[in-house]
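Taking the hints into account, I'd like the entire structure generated from these sequences.
Those protein sequences? They're chains A and B, same order as listed. Heads up: the first sequence is residues 1 to 189, going by the numbering used here. Heads up: the second sequence is residues 1 to 189, going by the numbering used here.
FYI, nobody ran anything at the bench for these hints, they're computed from the structure. A portion of the hints provided could be inaccurate.
Counterexamples of contact, computed for chain B against chain A with all Cβ distances above 10 Å [as the list claims (entries may be wrong)]:
1) Q29
2) E40
3) N52
4) F78
5) Q142
6) I177
Chain A stretches covered by chain B per the calculated footprint, using a threshold of three residues with CB under 8 Å from any CB of chain B [said to hold, decoys possible]:
7) 26 to 37
8) 166 to 180
Just so you know, even glycine gets a beta-carbon here, dropped at the ideal spot from N, CA and C.
Number of protein chains: 2
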Amino acid sequence: MEILRQRILNEGRCLDGGILKVDSFVNHQLDPELMMKIGEEFGQRFAGLNINKIITVEASGIAPALMTGLMMKLPVIFAKKKHPSSMTSGFYQTEVKSFTKQQFYPLIISKEYLKFGENILFIDDFLAHGNAAKGIINLCAQAGASIAGLGFMIEKRFQQGGIWLRDKGYHVESLAIIDSLNDNEITFH
Amino acid sequence: MEILRQRILNEGRCLDGGILKVDSFVNHQLDPELMMKIGEEFGQRFAGLNINKIITVEASGIAPALMTGLMMKLPVIFAKKKHPSSMTSGFYQTEVKSFTKQQFYPLIISKEYLKFGENILFIDDFLAHGNAAKGIINLCAQAGASIAGLGFMIEKRFQQGGIWLRDKGYHVESLAIIDSLNDNEITFH
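What follows is the structure, given as C-alpha cells:
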C-alpha cells in the first residue's frame, strides 16, 4: 500500500533491537483518514470470505480494526491485556510475549463474544515475531472458532512471524512489508 | 442521543458500585457503525471551535475519538497508561485514579504531540468522577494547551465528574446522561 509505505519512510524511526517507531500515525497519534484507507484496503483483500467478526488487541490494533469493521460491516472485539474486574461470565485466556517490551502479558477474550464455529479475521498494527497472532489463534482454537485471515499494517519480515504464519497455511495480508531496518534505513520487500 | 440510550437500555448491565457494563458495544466488542454516528454527533456538537487536535485515553476511548477525528478531519492522540520504552523525546505525565479498577495509573503524552497554544478536544467513553478528564486537563496545562471541550459517550451524573467540570466552566457534551443505576434499572437524565 503505497501511501502507507510513504508515511513509514517519511515519519518512521528505527530504534535499537529492530523496533520501528511510528508514533506519529500508529502508536500514539492517529491519522483517521489514513486509518479509513487502511480499513478499505483490508476490506478488499479479505472480501468474500464469510467472516463473522474481527478481533484485534488493545490498544494500537483498535484503530485499523475499527475501520476494517466499518468497511466490512462487522463487529470488532479487542482482546484485553489485563483481566477486567467486570468480566464476570467466563473468558478465554493465553499468555503472549511482547517483542517491544520483552515481557509476558495475558490476552483475554470473554466467552460472550467468541463462539464455536465463528469465522474470525485478526487485524493488528504490527507483525514481528507473530506472538500476538499466535495468541489469538490459540484463543480461537479454545473457542472452536476458525481463522479466515490475518491482516497487519506493517510486517517486519526479518522477524519471521509472517513466514511462520504462511508456512502454517494462514491467509496473511500485510500492507507494508519491511525486509530490514539498518542504521535508520528502511528497506521494503 | 437516542440510539445510544436505546443500546444502553437493551445491552447495559448494572454491576455493584455504580458500574455500568457495556462490553457488547463499548469496552470489549465495538459496533463500528454506531461509533461512526457517535463521531458525527460529537463533530456537530463541537463544530466551529477551532480545535487543533483530539485527545483520548487508551483503550476504550480510541474508537469514539477516532471516529470524531474522521468527521472533524483532526488528528487523534491516545494518552498512554504505561511509559512506553520507545518514547525517547520527553513526555508530560500525571497520575489518575481509575474508578472501575480502584487503582492509580499514569497518563502520559509525548511532548512531540501536545504543544503550547494548541486547542484540544477531549473525547472518552465514560465520565464518572472525572478523573481521566482532570488528568488530561493537567497534561494540557503542563504543555500550555487549552481545552476547547470534553465529550463523553456516557456520563454517570450521580458520580459528579460532569458537575465539577461544568462548574469550572468547561464545555461538556455527554451523549447519554445517567441519573441513577439501581437494581439493574437505568434512569436517564
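Beyond 10 Å from every Cβ of chain A: is that where the Cβ of F78 (chain B) lies? Nearest chain A Cβ is 6 Å from F78 (chain B), so the label is violated.
The output says Q142 (chain B) does not contact chain A. Does that hold with a beta carbon cutoff of 10 Å? 17 Å, holds
Compute the least Cβ-Cβ separation between Q29 (chain B) and chain A, then decide whether it is above 10 Å. 5 Å, violated
Compute the least Cβ-Cβ separation between I177 (chain B) and chain A, then decide whether it is above 10 Å. 21 Å, holds
Would the non-interface assignment of N52 (chain B) survive a Cβ cutoff of 10 Å against chain A? 12 Å, holds
Per-stretch coverage check for the region 166 to 180 of chain A, three Cβ contacts closer than 8 Å to chain B: With 0 residues closer than 8 Å to chain B, the region 166 to 180 of chain A misses the three-residue bar; violated.
If we take the beta carbon of E40 (chain B), is the closest beta carbon in chain A still more than 10 Å away? 13 Å, holds
Can you confirm whether chain B covers the region 26 to 37 of chain A, using C-beta to C-beta distances below 8 Å and requiring at least three such residues? holds (count 9)
Of the hints listed earlier, those the structure fails to meet are numbers 1, 4, 8, in rising order.
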